[in-house]
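Asker: These protein sequences, in sequence, are chains U and P. Start counting the first sequence at 653; every next residue gets the next number (our numbering). Start counting the second sequence at -16; every next residue gets the next number (our numbering).
Because the hints were derived from the structure by calculation, they are not lab data. We treat Cβ as the ideally placed atom computed from N, Cα and C, and that holds for glycine. Certain hints may be false.
[As the list claims (entries may be wrong)] Computed, partial: chain U to chain P, Cβ under 10 Å:
1) 680
2) 682
3) 685
4) 694
5) 695
6) 701
7) 702
8) 719
9) 720
10) 753
11) 760
[As the list claims (entries may be wrong)] When the alpha-carbon atoms are kept at most 30 Å apart in a straight line, the in silico DSS-like pairs for lysine-lysine are as follows:
12) U:761 / P:23
13) P:27 / U:749
14) U:749 / P:50
15) P:54 / P:27
16) P:23 / U:709
17) P:54 / U:709
18) U:708 / P:50
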Amino acid sequence: TQLLEQSPQFLSIQEGENLTVYCNSSSVFSSLQWYRQEPGEGPVLLVTVVTGGEVKKLKRLTFQFGDARKDSSLHITAAQTGDTGLYLCAGGDQGGKLIFGQGTELSVKP
Amino acid sequence: DTAVSQTPKYLVTQMGNDKSIKCEQNLGHDTMYWYKQDSKKFLKIMFSYNNKELIINETVPNRFSPKSPDKAHLNLHINSLELGDSAVYFCASSQTSFSGSEAFFGQGTRLTVV
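The shape of chain P in the complex, shown without the other chains (with noise of 0.2 Å):
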């Protein structure tokens, strides 16, 4: 069984469109969150949750914005997107929300907008 499984591992759309991404952890997990990975292979922060609340939201557009239905989903939502939104985008979780907790990764959503 997969632990983190985010969908789609791929998603190719024209600048303007909305888009979102679903991630699902089957760890038990209370923290959540979203990194986007550059070109560069740079690992930055966007969102955490921790049971279903937002404690951590870096400077991101408003154009994203996560969800987290319950604690083992958190899904990413984009709208209008632009051409510097290309990038890997991960999900995460992690038993709590101490950053020396492990985190566990999800294998990745490949952003391409053209």
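Next up, chain U with everything else stripped away, as it sits in the complex (with noise of 0.2 Å):
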């Protein structure tokens, strides 16, 4: 069985800080994805990465997918209030199913 393992479970931070989140795992998945998922909605995604060592950035915030497509980082810069939710990454293996990792809580506080 393929798992994802996501850390920190919480995270609370300042505004103004950086962080880094990472999803890592034993197996290798054809692709990665990053979801954030706000109360009361559903998840939506920020971000795919297909290719090993592949980096995205989208504003203040950079993904990366390792080497081995194996684990994956999301780092914020310059964290702001509205950055807070719960940040999913979600492996694809290849039957098609999405695979998530437990989640990320964070919390940026003014």
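Build the complex from these two chains, which are given one at a time in their own frames, with help from the hints.
Answerer: Shown next, in the form of structure tokens:
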């Protein structure tokens, strides 16, 4: 069974700080996605990475897919209160299934 | 227009009852899904349909029965509800069944079994 370990599970920081969320597995994934979920809403896709070593930037967010396609990280620079939410990584397997990590609940305080 | 809409948003029911959740997508996507999110926010796939055909069926009790009358609709019927079925159920759709395809989620249905 493929599993994705996401860490940390909870993160509370001050506005302006930087943070990194990690997503690790012993399995290889064909793609890795990051979603953000706000209370009472469904997850919304932030990025998809498919190539080992790939780095994608979305404004203050930087996403990296590990060289071996087993892990990924999300780095947020100068966090803002609007970044507060649940961040989910999801690995795509060959069978077309998305395997989700446990999520990281981020709270950015003013 | 809401891309993926599911109803109802909240559902409170007694143990043993049968209930349905409806889902519709207006994105023209081929693939639709049901996910379950537990109290710890862990999201797990239950079913996936591609052009009305079941392609993923995870280890889910057979009290749960999905139905896709056409590729824009995927409903979930649950028989003999149990306390452990309490969770948020999300419908989603994607353009293709490729796992790297972006999934668009509905707002979720919070099911509470009492």
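Asker: Are the hints correct? Go through all of them and say.
Answerer: Outcome of the hint check:
1. 680: violated, 13 Å
2. 682: With Cβ-Cβ at 6 Å, under 10 Å, it holds.
3. 685: Hint holds; residue 685 of chain U Cβ to chain P Cβ min 7 Å, cut 10 Å.
4. 694: Holds, because the Cβ-Cβ distance from residue 694 of chain U to chain P comes to roughly 3 Å (cut-off 10 Å).
5. 695: Holds, because the Cβ-Cβ distance from residue 695 of chain U to chain P comes to roughly 5 Å (cut-off 10 Å).
6. 701: Interface hint status for residue 701 of chain U: holds (9 Å vs cutoff 10 Å).
7. 702: Constraint on residue 702 of chain U satisfied, holds at 6 Å.
8. 719: violated, 18 Å
9. 720: violated, 17 Å
10. 753: Check passed: Cβ of residue 753 of chain U comes within 9 Å of chain P, closer than 10 Å.
11. 760: violated, 18 Å
12. U:761 / P:23: Status holds; Cα separation ~22 Å.
13. P:27 / U:749: At roughly 10 Å apart (the allowed maximum being 30 Å), residue 749 of chain U and residue 27 of chain P satisfy the hint.
14. U:749 / P:50: The given pair, whose Cα atoms are some 19 Å apart, holds under the 30 Å limit.
15. P:54 / P:27: holds, 22 Å
16. P:23 / U:709: The given pair, whose Cα atoms are some 29 Å apart, holds under the 30 Å limit.
17. P:54 / U:709: Violated - the C-alpha atoms of residue 709 of chain U and residue 54 of chain P are around 34 Å apart, more than 30 Å.
18. U:708 / P:50: Not OK: residue 708 of chain U and residue 50 of chain P at ~38 Å, beyond 30 Å, violated.
Of the hints listed earlier, those the structure fails to meet are numbers 1, 8, 9, 11, 17 and 18, in rising order.
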